[in-house]
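2 protein chains.
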Amino acid sequence: MHHFRVKTEKGTYPVMVGVGAWRELRRFGTARYSSIFILTEGVIWKRWGQRFREESGLGAAQILRVPSGEGSKSLAQTARVAEALLKGGADRCSLLVLLGGGVVGDLGGFVASTYMRGIDYVQVPTTVVGQVDSAVGGKTAVNLDTAKNLVGTFYPPRLVLADPTVLGSLSGRIFQSGLYEVAKHAILAGPALFERLEREVQSLKPENAAALEDILARAVKVKIDVVNRDEREASLRQVLNLGHTFGHALEAASGYRRFLHGEAVGWGLLAITLLAERLGYLPSPPARDAKRGRASRTSDADRIRRLIWRLGPLPSIQDVAPGKIARLLIHDKKAVAGEIHWVVPERIGKVRVVTDVPLEMATGVWAELQQSASQP
Amino acid sequence: MHHFRVKTEKGTYPVMVGVGAWRELRRFGTARYSSIFILTEGVIWKRWGQRFREESGLGAAQILRVPSGEGSKSLAQTARVAEALLKGGADRCSLLVLLGGGVVGDLGGFVASTYMRGIDYVQVPTTVVGQVDSAVGGKTAVNLDTAKNLVGTFYPPRLVLADPTVLGSLSGRIFQSGLYEVAKHAILAGPALFERLEREVQSLKPENAAALEDILARAVKVKIDVVNRDEREASLRQVLNLGHTFGHALEAASGYRRFLHGEAVGWGLLAITLLAERLGYLPSPPARDAKRGRASRTSDADRIRRLIWRLGPLPSIQDVAPGKIARLLIHDKKAVAGEIHWVVPERIGKVRVVTDVPLEMATGVWAELQQSASQP
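For the record, the sequence lines run as chains Z and V.
Under our numbering, the residues of the first sequence are numbered 1 to 376, in order.
Under our numbering, the residues of the second sequence are numbered 1 to 376, in order.
Check the hints yourself; a few may be wrong.
Which bits of chain V does chain Z cover? Going by a derived footprint, with three or more residues having C-beta under 8 Å, they are [to be verified]:
| id | stretch |
| --- | --- |
| 1 | 113-126 |
| 2 | 151-158 |
Straight-line C-alpha distance at most 35 Å; calculated DSBU-like pairs for lysine-lysine [stated by the list, open to error]:
| id | chain 1 | residue 1 | chain 2 | residue 2 |
| --- | --- | --- | --- | --- |
| 3 | V | K7 | Z | K10 |
| 4 | Z | K334 | Z | K205 |
| 5 | Z | K10 | V | K205 |
| 6 | Z | K87 | V | K334 |
| 7 | Z | K10 | V | K334 |
| 8 | Z | K148 | V | K87 |
| 9 | Z | K350 | V | K10 |
| 10 | Z | K7 | V | K334 |
| 11 | Z | K87 | V | K324 |
| 12 | Z | K148 | V | K148 |
Bear in mind the hints are in silico, worked out from the structure with no lab data behind them.
Just so it is clear, CB atoms sit at the ideal spot from N, CA and C, and this is done for glycine as well.
Excised from the complex, chain Z in its bound form (with noise of 0.2 Å):
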């Protein structure tokens, strides 16, 4: 079991990543809470519901589910569940416990920000990008119709439990959507985790729950240290927004359809790499002789790309135009007065917050990027 303490304003919560990781809602507490609630999906409850309810000790709470699905993130559903949180009992004291996926996660955690302005709530992700990212860090949020993300809170949960045995009932795809976002994070971490990836990423399969636990604990661990010293976002923070410029445009321009998450910010991994190159910030490949060429000087910026495509096959984006793309990265939610912050790679472990990067040359990134992933 690896075990980390993310710091807020008004104190610390413990993240357990681990086999067995539901077992510590034992030690927690839960009965000072006057009720308990568990928000999850019907798919997930139906497949772990049981062996959470045993490992957690929480068999009296009350079960609200909430359809899977991007559209239960609304202002309508959140209505919903308070409603049910109502009717149920729940008050300033309940603790309300969250067993999903990244949906799950984020409606919970507005739920559990707004309800009686505020109730306790406990993240147990069910996803990879949920237990190595989105689950850690309290950012809670909901969508408009028009807009991913837009109304939401900084609430910080107070536990956050991570047991990658749950990975096990994902599918192929939606397991691997999740692991662009440990690349994102061995990106920002350094050559160590990085060169892991690269070792490890055959054997990474949802089935093998002992083989993730040290990966997805070094992946969350990043976003750990870098929440830990800015909680907010004020600067610091927006690294980990690393592939989720060109990611977010990408999601928005197929409607939230085609891509999952993880997967559009694969395409954004790419796209900013070679944004990087082509802004100078991140040495192109050398040109070298193809019989002295070896491994230990292929670029950063390979490396990268290299390790993006084994994580396996990403949706085509050859119908992305990059007109499309320009005119939602200048809505991007992150913009401040217009101005986009781009967070590029300067190498394996480096990245740096630029502003003044021409539209043009981002649309021009991704017209090379369509044409370098249509060849075979």
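Since chain Z is already given, all that's left is putting chain V on it; use the hints.
Relative to the frame of chain Z, chain V by itself:
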């Protein structure tokens, strides 16, 4: 101009009360924001918009209107306002100015606290309740279909500007209803403010801004003093709930239609005063010789009752059965594990919080109040 500062977890914000307060926005430094939006109600904007633009210097701000009335305090309206902000180009460095009554203040504060996970906002309350109470303290809220103020946040404004001039366009009834909150603050504050209210109650008229300024400032200071010692309502802040436990039950019992919030608080103050007497915390009026009785010997309970009745006629409670009040009391939002926290006066200037009140005693008090109020 009266100038106060409210402490929060992250700093302080000023509260200005007085004729001309809107001009303070010129000194606030609005130039640092990427864009400015004014959220208001149609009727308020029609009457005061031009003047507000001139005095505040916010000539270029975009105007967003919500319908007047409690119906606007919803998650659906939150979505509409957030969509309008997004469409208008609001980003994380935009400012939201709330010009209106409690509905605009509560809804707008909630929107500000959740739009892109929080943007700055300024409260410009246009009702007595807003100016002496709800605009200060950072409590934001919207309603669920089945419960008032059940979803919200703690999120302080950057500035509160209360100009009593704006009260001049209030109807007599709405103006009067706010005075019950002033009376609540006077009971909490002590003899000085209470006696002053007793003396000046006749001269408190919507159109008399200059006369109102000082008493409104004293009333809001009561709230500020409490908030400065306990931002999160953990314990001390609950004294502000004086009169509100019965008041909320009465509002709910009548479907939030018959009583203005302040009027329900007026009844709530009468009820809690009677309950305090029955519990033995507030001495009942001494049996006294009619000849020798002097005003100075009037009991505090009688003084509270007289002041409430002098503030104006209250809508009848004759058909609000004690049993109905009882059922709603046990659903009080502030109850924890079913235990109601009653704030009861011990004398003018002192309250205590008690939990061991038999529900039958509360309903008995209600029946007694109905009976006494039905007598000529």
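Pair hint outcome, K87/Z versus K334/V [Cα-Cα no greater than 35 Å]: holds (15 Å)
35 Å Cα cutoff - pair K7/V, K10/Z: holds (16 Å)
Pair hint outcome, K334/Z versus K205/Z [Cα-Cα no greater than 35 Å]: holds (34 Å)
K7/Z paired with K334/V [C-alpha distance capped at 35 Å]: Distance of about 29 Å is within 35 Å: holds.
Pair hint outcome, K148/Z versus K148/V [Cα-Cα no greater than 35 Å]: holds (27 Å)
Proposed proximity, K10/V with K350/Z (alpha carbon, max 35 Å): Measuring from Cα to Cα gives roughly 31 Å; hence the hint holds.
Annotated coverage of the stretch 151-158 of chain V by chain Z, confirmed only when three residues or more have a Cβ within 8 Å: Holds: 4 residues of the stretch 151-158 of chain V have a Cβ under 8 Å from chain Z.
Claimed coverage, the stretch 113-126 of chain V by chain Z - three or more beta carbons nearer than 8 Å: holds (count 6)
Distance restraint between K148/Z and K87/V, which requires alpha-carbon spacing of 35 Å or less: holds (14 Å)
Hint consistency between K87/Z and K324/V [alpha-carbon to alpha-carbon, up to 35 Å]: Answer holds: K87/Z to K324/V is near 18 Å, not above 35 Å.
35 Å Cα cutoff - pair K10/Z, K334/V: Since the Cα atoms of K10/Z and K334/V sit roughly 23 Å apart, the hinted pair holds (cutoff 35 Å).
Proposed proximity, K205/V with K10/Z (alpha carbon, max 35 Å): violated (45 Å)
This entry does not satisfy hint 5, going by the numbered hints stated previously; all others are met.
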